[in-house]
Amino acid sequence: MQAVVLLGQHPALLPLAPSDGALLPVGGYPTIELTLRWLESAVSEIYVVTAGQADALTAYLQRAGWAGPARRGAAVHVVVAPGCTTEGEALRFVEQKDVIKSDFVLLSGSLLGNADLRPAMAAHLARRAADRQAIMTLLLHGGTLPPGEPGDCCLTVLDPLNQQLLRLEQGARTGSGGATLGTHIMGERNSVVVRLGVRLANIYICAPEVLVLLSDNFDYQSLTGDLVPGVLSEQELGSTLFVHELARGYVERISTASAYSGVVEDVVGRWAYPWVPDNSGDPQDLCRFNRGVYVDGTAAVASGARLSKGSMVGRGSIVEAGACLERSIVGAECHIGRGVALQGSCLHSGVRVDDNCRVSSTVLAEQVVVRSHARVETGVILAKRVVVDTAHCVPAGMHVSLAQHRTGSSVASDDELEWQEADDAQLAAAEAAAAALAAGGIPEAALNFDEHAVGPFGAGYAWAAAGSDSVGAQLPLLAGNQSPGSECDSEAEEFTKEVLGAEEPGLEEQSQGADQFNREVAETFLRCVKERISHDNAVIELNGLKIAEDRTFADCARYIFTTMLSLCLPAGPATRPEYRSLFPEGKVDPSSKEGCMELLRRINAQLRAWKALMQRFLRNSDDQVELLLTFEEYCEEEGDFSSGENGSVFAPLFPQVVKLCYDQDLLSEEAILDWAHEKEHAGEEDRRFVDMCADLLAWLEDAEEESSEEEDSE
Amino acid sequence: MAAPSAFSDRVENFCRRLTDRRIDGSLAAAKGTAELLRQLVTSSRLNTPEVMLAEVKRVGLRIQAAKPIELVIGNIVRRVMHIIREEMEAEQEEQDDDLMARAGSGDIAAASGGSVGGLSKAFRHPFATASSRTLSLHNLLDQGASEEGEASSTPPPVAGSSGGRRHRSPSPSPPAQHGGGGGGGGGRRGSFEQQERKVPKAGQWDRKQEVIDGVNDLIQELKDIDDAIAAQAVEHIHANEVVLVFGYSRTVLHFLRRAAEKRNFEVVVAEASPTYQGQRMASELAGVGIQATLIPDSAVFAMMARVNKVVATAQALLANGGVMAPVGTHIVAMAARRHSVPFVVLCGIYKLSTLFPHNPAVNFNDFKDPADLLPRDHEAVGLPRRIRAETLRRMAEEGDEWRSGLPPGLPELTIANPSYDYVPPELISLFVTDQGHGFMPSYVYRQCNEFYHRQDFILDKRQLDQLIG
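One line per chain: the protein sequences are A and B, in this order. Taking the UniProt record's numbering, the leading residue of the first sequence gets 1, the next gets one more, and so forth. Taking the UniProt record's numbering, the leading residue of the second sequence gets 1, the next gets one more, and so forth.
Hints may contain errors.
Stated by the list, open to error - Cross-link-like lysine to any residue pairs, in silico, SDA-like; alpha carbons within 25 angstroms at most: (1) B:368 - A:290; (2) B:309 - B:235; (3) A:309 - B:416; (4) A:309 - B:409; (5) B:31 - A:274.
For the record, the hints were derived by calculation from the structure and aren't laboratory data.
Only chain A is shown next, with the shape it has when bound in the complex:
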């Protein structure tokens, strides 16, 4: 059997792992090592699909003897799928490569565990032998999550006789209302089993037909979100899904920083046995487990140091007297000074924590230096080579990295290439400066690192902490199960290209395609209006268009919006005859007060009618800022809208339209304020619309004093 591992790009782990989380250390191993060792016993060929930079991964696999001629039990191949942001896209990419020949095991995300997959595989193959249509087996964790326990879980409806899956509801929490099941679900069955609090293991055993299904339905993005409901709703096609409960064993996915810490804790707590730190099988490795503490034979732990249960000291590390490690993992070649208190922290290799520091519940990546008497508070993540100054306190929950966080991912994506280059140069400069600072010197080039994050002689830039909108809103790539509260239900998860670090299409290409895309969106939208197509179907059509053209949600939203505005005016000369009936007959005179009122009424009607549709495409405040910028462009009749559209009619009404959008929940106050903030330093001409909205902005700021304060401090 073959296996496909889809490595995810996890925004929450971004400061730690710029490409993908595959090489994050877990109890002395890179994550991918444990994944592969686990799979090795069950499959013969493994394809690791990554969207990020694969160089480091490939190098590691070569070094560890995984890649190349089948030296280990299973042959491992790396597939780089640039720009693939969801499960669906990545699997379509794999299908094009034409490497999957038989039934395969699919792991979505960086998973590790010790559960035996072979019984599930055998059951799947047995079903397939009897019925070719049993195309997929979803693996579930054994047992159910007790109510009140945090974690993703779902509701399943099963046929008790053969474990056929009849319905899967994501994010169904015990006590959160519940789901409505139609009687059709019974079919010819005497009984069905409804289970709450079921946890998906994010492992799927698939027939090759699944890949065909995904390429036929190119709008399928997530397996559990799109494919499963799709297959279940098209029962007449005969495909069936089954579940298999893992009787015992450990399976966990690293998708967030807290999940990462949890997995590290589990590995040290031996839940993933035999993959525990003292069982690497490497003759050079002398890690010993004694009374709940792992200490490597080459590590020097002073007799005055105190190590609590669940701690680990890696190869060549030094722990000085008076240091106290409480459930903390210290990687290789670290130096822990006198009187240091480490609490629930995870230190990667080469970290230096000087005397009398306090570090609690944090992750410190490679080569981090925390100088004496400094404090690192709970929830902090310090990325590679960050330096924290003497006696400085890193505030709780802060993420610090030498690379600058790209805020406002919506800002004209044209700059992307320049950004990339500038970033590399900037990172190199920052690393040089950090090296100098770590050695206690003064860097040659002064960089204005964030003083409040790392202190006057520290090195690092603060990132917006995960959980705040800018990062948290972007859901994990290739995420199978979405968090229940988020707005995006079953649609594609789009991940802005900036985060992915993938190259954007060239500038020219972009503008060439823009016109056509504009027309197509406009036309699709008009057809939807004309044929009274339901919102859901309109979303699907527009989504299809978006994917075909490789656009963002914001792109769709802006063209829908401008089309809506044009629907408030009489049809222009370029309008196709079949849609002319949709446009209002009466001309309005924008200069008169009545004309304005009439226009606003029409806009309001349009907004109300298509509010739900728009919201599907305005997924976060960045998209909304984009919409505002578009509106500006439209009013000024420049850029994409310079020909044949009479956007200038709306120019005087700009603040009113923005207010209407705000009332209809299309624009959040945050987005409007962001937009104004962005334009702050723009030229007089560019600020025209911001100035027009001054009243509205003032009102918004008054209403949300606290949030605006936060904005300022940023």
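Starting from the structure of chain A, add chain B where the hints point.
Chain B alone, transformed into the frame defined by chain A:
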């Protein structure tokens, strides 16, 4: 050269399976190791005994490192090295005799070719080697000294060196001369003189085939291990006895079944938490018509008063006569001692290790995953983590307290699931091995000298130094 890489691939593959616990049980590990070493000694690259010893040791240490807890791997390596050393010594002796014959009578007696097989066979079989070669109390001290000298004077083996092949008389010395070899001391002195003139030989080592046969015998021994132990069952299990066993063991099951062919007895099975393999043992015993009673581990002490004999098994037999046994065996042994019930350990001689329990290289326990004791979704497992997360959240809200890290005294649950127990020698009454006789723990040191060469007792001196130093 494809062959060496293919072999090292096999070794690595085997190591990986050991590390990932895909090879279950010490017998499988021992068999795998022995088969790999057989392939190694068969390889044509190893054309001198020194190279062969070095290679066997290197590969053996690699395999042992993959699973340090499995001491049988080291034992098999020592056995194979012992076979090679025996052949070397036999060869040496032959040469000495040869020399002496030459010096004594002045002519080389042509002798029958058949005796070579007989002679080397005599040395290959550990039991037949009651000659002066085998270490004993009376030659223990000088033996060690002379060997050290030998080891230091031996030039490092150079593969493929084109030194002129020393011409040896093709016909070995007659057995009569071997018998009158002049005692151990004389032989040794001779060997010293011999050292000076010894030149590394090119081509194949003459005695390679004997070594391969020896390793084959070892593999055969492993294959027949259960039968060999079970053959003595009737001597140890008497009519109408009550025998207590702990958990599941293939060897014990075999032993009891063989005894049941002749005797009528009763078995009490302790279920052996947390794996509860005793349940399987009881059902299999009952399945073959032996009267079995299943009890929980906690009832072992109470039950012991009615038991006539405890039959246990071991993971490893240590040099001091203690054993490493499945977890729970120690309390059974203690209970047996309290009630003066004989505690019999069945264990193949391949489990005999030269290491002492206080040796830092003996990694005593293998802590398995806690899921055997508590499932991961059990409330007690999730609770500490949930409380910690909640504390963090509360601290974040209160702001002030947030600055001083987590408060002390948060709940913390540690689950330990060890695999082995150490049972000290004073609790063990008898070992029953495949070698055809039982022995007491105090006799174990003798067995060590019987089966292993003194130089191999500690295989990896470097690692030991590192651990101590």
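Cross-check of the supplied hints:
1. B:368 - A:290: holds, 13 angstroms
2. B:309 - B:235: holds, 13 angstroms
3. A:309 - B:416: holds, 11 angstroms
4. A:309 - B:409: Measuring from Cα to Cα gives roughly 14 angstroms; hence the hint holds.
5. B:31 - A:274: holds, 22 angstroms
Consistency note: the structure conflicts with none of the earlier hints.
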